[in-house]
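**Student:** Here is what each chain is made of, one letter per residue.
Number of protein chains: 2
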Amino acid sequence: MTQMRVLNNYISVDCVIFGFDFDKLNVLVVERTLTNDDGVVDFSDLTLTGNHIFEEETIVEAADRILFDLTGLADIYLEQFKTFASPDRLKKENDRKWLLHDGRDPDKRIVSIGFFALLATQKVTLEWKGRNIKWLPVDEVKSLAFDHNLILEEALKALRSKLLHEPIGFELLPDKFTLSQLQKVYEIILDTTFDKRNFRKKVARMKYLIPLNEKQQGVAHKPAQLYLFSREVYEKTRKEILNFLV
Amino acid sequence: MTQMRVLNNYISVDCVIFGFDFDKLNVLVVERTLTNDDGVVDFSDLTLTGNHIFEEETIVEAADRILFDLTGLADIYLEQFKTFASPDRLKKENDRKWLLHDGRDPDKRIVSIGFFALLATQKVTLEWKGRNIKWLPVDEVKSLAFDHNLILEEALKALRSKLLHEPIGFELLPDKFTLSQLQKVYEIILDTTFDKRNFRKKVARMKYLIPLNEKQQGVAHKPAQLYLFSREVYEKTRKEILNFLV
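Quick note, the sequences are listed as chains A and B, same order.
For what it's worth, numbering that gives the first Met the number 0 labels the leading residue of the first sequence as 0, then goes sequentially.
For what it's worth, numbering that gives the first Met the number 0 labels the leading residue of the second sequence as 0, then goes sequentially.
It should be emphasised that the hints constitute simulated quantities derived from the structure, not laboratory data.
Among the hints, a few may not be true.
[Claimed, not checked] Partial selection, computed: residues in chain A whose CB lies under 10 Å from chain B:
1) T57
2) K81
3) L163
[As the list claims (entries may be wrong)] Computed Cβ-Cβ distance ranges for the label pairs, DEER-style:
4) F193/A / N131/B: 53 to 59 Å
5) K23/A / Y233/B: 30 to 36 Å
6) L135/A / V40/B: 45 to 51 Å
7) K235/A / T192/B: 21 to 27 Å
[Said to hold, decoys possible] A few chain B residues that face chain A, going by a derived Cβ cut-off under 7 Å, partial list only:
8) I10
9) H51
10) I58
11) T82
12) A84
13) I112
14) D190
15) T192
16) S229
Glycine included, every Cβ here is placed at the ideal spot set by N, Cα and C.
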């Protein structure tokens, strides 16, 4: 006998799932359509990927579940970055309608714990469950439901800040990547450009980037060397990095 | 006529208020005593400083309110660092008793948004409202109520990480401070020691530390020069710092 799982009505998790496609940063969004009882579409708009937590579930388990449901992937970089609980966050017209139609009270506060996830878009087959989800370039995001524009903005801030202090850029790439691809990750997220030679110099100091005896395949240009991120080497050299920074 | 303010039952804010006394890092704790209806003390233990939010209040307003209530100060460094919502966080014996005695259901989940605050202990007169609060050296903290040991531990992690990347150490000192005092802040929080000359060299690169034409007063040793942190200079030189780090 399986136990009924009960959703908690006032604690939710929103995941800002960032996906990089070698060219730009994208975010996974869900199409939300409210169809009235007479079958007429009232409105259709976009939300981030999120859900309420189950009563017996931790918030990390909830975020993992949401990620798995949408991507089929279980081992994704995921980080809690900020919590959103403004009294106004559910008060836009469409959001009130949506909640009421769903049998919920839009005047009750719902707290949402924001996580961001990082992956290479090519790792995901979005169609695996037939959901109405899609990648949207972050630069092209317009109005989102609830306070999701704010959540996205704060996730971007957290991502930029983290990228400056910790090697997480490779999480947006396939397991094996080229240095040009890594440079592009930094350039896009930090909205800047680097001189190629200077960037290579910086990279040379990152001992946790392991060059492989392997090159790109099936590319039109001269194939570049592939690299791997080693968490083990990173953890070992981390102390050194901290001492350097202080 | 003032409007009745209603507390939200399931969203709370916990503040880890760190205070530095030139020698060690302390945290502000509250003595919680459960007295039964017959006047007998059932138990007494320690909690962090926290409270539920009011229905019309943002979480930052709630954190500011808690800080002001306890310290009488309005302009304190305050940062949201992590949210706590484990299904087990209210389930310890004393905590269940406490909640039941308070007319609340210990089986309902309460989400707590953690903030940490930084200040110099000398800025606060704890007795101003006659509360049962006190400074406890972080190293001497034993068992706290709820999941407050975990919240403290995560606040310390966030503080250490932030201190490595941003100039926040001076928030733990009086407005005017000496370089030895600043060095002590770094040493205590990062649990390390620095060679004095090396530390001075690093400090010399921090253009936002402004030397004053003023020295310590009333000290037994040779009075040292006083410094001031300038947010204006920091914001101006910040871009430079980021470029250096990348």
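**Student:** Hint by hint, note whether the structure agrees.
**Tutor:** Cross-check of the supplied hints:
1. T57: 6 Å, holds
2. K81: 6 Å, holds
3. L163: 5 Å, holds
4. F193/A / N131/B: 53 to 59 Å: Distance hint for F193/A, N131/B holds at roughly 56 Å.
5. K23/A / Y233/B: 30 to 36 Å: 32 Å, holds
6. L135/A / V40/B: 45 to 51 Å: At roughly 59 Å between Cβ atoms, V40/B and L135/A fall outside 45 to 51 Å, so the hint is violated.
7. K235/A / T192/B: 21 to 27 Å: 22 Å, holds
8. I10: 5 Å, holds
9. H51: With a minimum Cβ separation of about 11 Å from chain A (threshold 7 Å), the hint on H51/B is violated.
10. I58: 5 Å, holds
11. T82: 4 Å, holds
12. A84: The hint holds - A84/B has a Cβ within 7 Å of chain A, the shortest such distance being about 5 Å.
13. I112: With a closest approach of 5 Å, the I112/B hint holds.
14. D190: Given a least distance of 11 Å, the restraint on D190/B is violated.
15. T192: The hint is violated - T192/B has no Cβ within 7 Å of chain A, the shortest such distance being about 11 Å.
16. S229: 21 Å, violated
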